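Going down the list, the protein sequences come from chains A and B. Residue 182 in my numbering sits at position 182 of the first sequence; the count goes up by one each step and never skips. Residue 278 in my numbering sits at position 278 of the second sequence; the count goes up by one each step and never skips.
Since the hints were made in silico from the structure, they are not lab data. Since the model is a prediction, treat every value here as computed from it, not as a measurement. Among the hints, a few may not be true.
If you only want the chain B side, here are some residues facing chain A, beta carbon under 8 Å, derived [stated by the list, open to error]:
1. Ile83
2. Ala268
3. Thr335
4. Asn411
Backbone N, C-alpha and C fix where the C-beta goes; we use that ideal spot for every residue, glycine too.
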Amino acid sequence: MRRRSIFRNKLLPYALLAPQLAITIVFFFWPAGQAIYGSLLIEDPFGLRTTFVWFENFQTVFADRLYLDAVRVTIVFSGLVTFFAMAPALLLAYMADASIRGARGYRTLIVWPYAIAPAVAAVLFLFIFHPSIGQVGQGLRELGLRWDYRLNGNQALFLTIFVSAWKQVSYNFLFFLAGLQSIPKTIVEAAAIDGAPAGRRFWLIVFPLLSPTTFFLLIVNIIYAFFDTFGVIHALTQGGPGRATTTLMYKVYRDGVINLDLGGSSAQSVILMLAVIVLTVVQFRYIERRVHY
Amino acid sequence: MHHDHPNARRPKGPSVLAICLLSPLLLFTVAQAQVEVEFWHAFTGVNAELLEGYVADFNESQDEYQVNPSFRGSYPETMVAAISAFRAGNAPHIVQMFEVGTATMMAAGEAILPVHQLFEQTGVAFDPEIYLPAVRSYYSLPDGRMMSMPFNSSTAVMWINEDAFRDAGLDPEVQLETWDDVRAAATAIVEADAATCGFSMAWPTWTQYEQFSAIHDVPFATRANGFEGLDAELMINSDLHVRHLQTLIDMQADGAFTYGGRDAAGDALFPSGECAILQGSSGLLARVLREAEFDWSVQMLPHYDDVEGAPLNSVIGGASFWVMQAPGRTDEEYTAVANFFNYLARPEVIRDWHLQSGNLPIVFGVFDELQAEGYYDENPGRDIPYEQLTRATPTENSRGFRLGNLPEIRNIIQEEIERAFQGEQGAQQALDTAVERGNAVLRAFERANR
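I would like the entire structure built from these sequences, with the hints used as guidance.
Quick look at the structure:
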């Protein structure tokens, strides 16, 4: 049963849409337009001397060996963050979905990390994993491991992935839990009566039925790993050691804010923007229609 | 508060909105009698309290001008905030800028008003000769005209954990003159297990490349470290620089040196007692006083004794105050800024600042006065930064650095030496790559500012 609203006043719908449109234009289209325009310029930071150079900034970016390094780091980083943010969330949701005592309490507790700002989370883990002042860091060294993420690129990458993924588990947990609860219990129970063991019931029934949620989260998590992990990287490693944790997003910051190369930084933003547009199109064309909220 | 207003009886959107929009204007009319000056700074903690205290003292000392200090985040954040404000036409009157942003500000043309011009234009009397040469030259054109107002200046020194020295059977009173001395002491400390880390440093580029080059009288970059033109190129892959990086790599292999991370990250290693010898800023003093639970002292930076001319003076770090221009700015406002700057340059302000924050006494007279009073005898080591900074006449190589986008160059050097410490590349290759990448940054700056 659907209710349809009919507006008598022709202007009212536009008036109701106006705030949203205004916000979209002011906070998205306008800055995006500025970024595109800025990517075609070479200028000093104060904007006193501006040269229009067409696509030279893009050529410079793509010819830069370090940019390709950052692409590689970003792919590894985003892939692993997405996996480690989703797999534990699914496990936790699957267990919290079972009828256990205090399930409501667990569910509430698991959501907490999502409320922590990325930079704060990073500082928390800094105090845990720092080789000299962190408890786990010191413990690892006492066990004879050469734990020092300030100099070991792989350890630094692991740590930033770990913290970024940890923060996102809660969000994924909520969606997985909702997804699991929408799967009719009868189907799973029927399979159980037919003698299917728990593992098979999960992989052959629950997991496929959950796939719309999984696909949706996949896109959201990849976008998270691309764009919202800046705070974690900035607080933990500043993109180092060497360039081991310099993702595309971090490079935009470095080139724009520290290096004050506005044209090059804008060009990188535009490239990132295109990447997101592609991801979003994929989401809407192939995935969105299969998702049941 | 809107409920007290007569309009509150009919709280329609527009009238409430109007009050909200008008209230700043009402405040503005009240305060209009005074000339207001917006002053953006990047200080936190003790330094912020002290600075805002001087501003309050200045505001109270007269009633024509009102300076409004406001914290704008870290140095790079403050810089970006000031740049965006300028582009939007409402730059602050004064902005605090770290020393490595000097070249960027100097190239900023009409965005800034050089300090020498500020005093000429407003007719306020000011004598730049009151500042120590090593401080003044950093913020002046080669012909001596001062571009910005020096304030917080520190230099790099070597912090010594005396307890760890004694535990290792070393005499902490003996000055570690050379890098061989440092290496021997750090090795002995680690071997005796007197500390987990023998030697480390904070601000790796500043201490190991900028200060190192100045002290050894070798160029960091061509064109007198960039003072003579935007076409400077880095020179940090010289034999001496490579030799020094190799020393650090060898010390790391022996366990005598532990890399402490980028920028200020290494600071924590000394007061915690982890590292027995740390090269870092003299500005670490307040933190060491508060946190260190052991006997400590301060020594001058070491040098390689076979390098002719070494050791020269070290260079300063820290920040200065820049005057910014904006449309519609009046002569009165600039006069206010000039008077405020004159106030900050007073010996009593600099003296208090030196005593309370540990920054250098940057005007002539303050150091001598304190020495005569016996202050440095009672507080040994507080005179070391000053002595090291003034022990030689600055040469082309020890005057300072005038390189575009130096913050990025510092990052590049840190990245490349990190990769050398990880064993991914040798010393020569690390510094060759740093020079190549740094020069690309310099050329981009040159092009954007031509």
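Does B:Ala268 pass the interface check with chain A, least Cβ-Cβ distance below 8 Å?
Since chain A brings a Cβ to about 7 Å from B:Ala268, closer than 8 Å, the hint holds.
Using Cβ atoms only, decide whether B:Thr335 comes closer than 8 Å to chain A, and label the hint accordingly.
Because about 24 Å separates B:Thr335 from the closest Cβ in chain A, which is outside the 8 Å limit, the hint is violated.
Hinted contact B:Asn411 with chain A - closest CB pair below 8 Å
The hint holds - B:Asn411 has a Cβ within 8 Å of chain A, the shortest such distance being about 7 Å.
Residue hint B:Ile83, partner chain A, criterion CB-CB below 8 Å
Constraint on B:Ile83 satisfied, holds at 5 Å.
Going down the numbered hints, you'll see the structure goes against just number 3.
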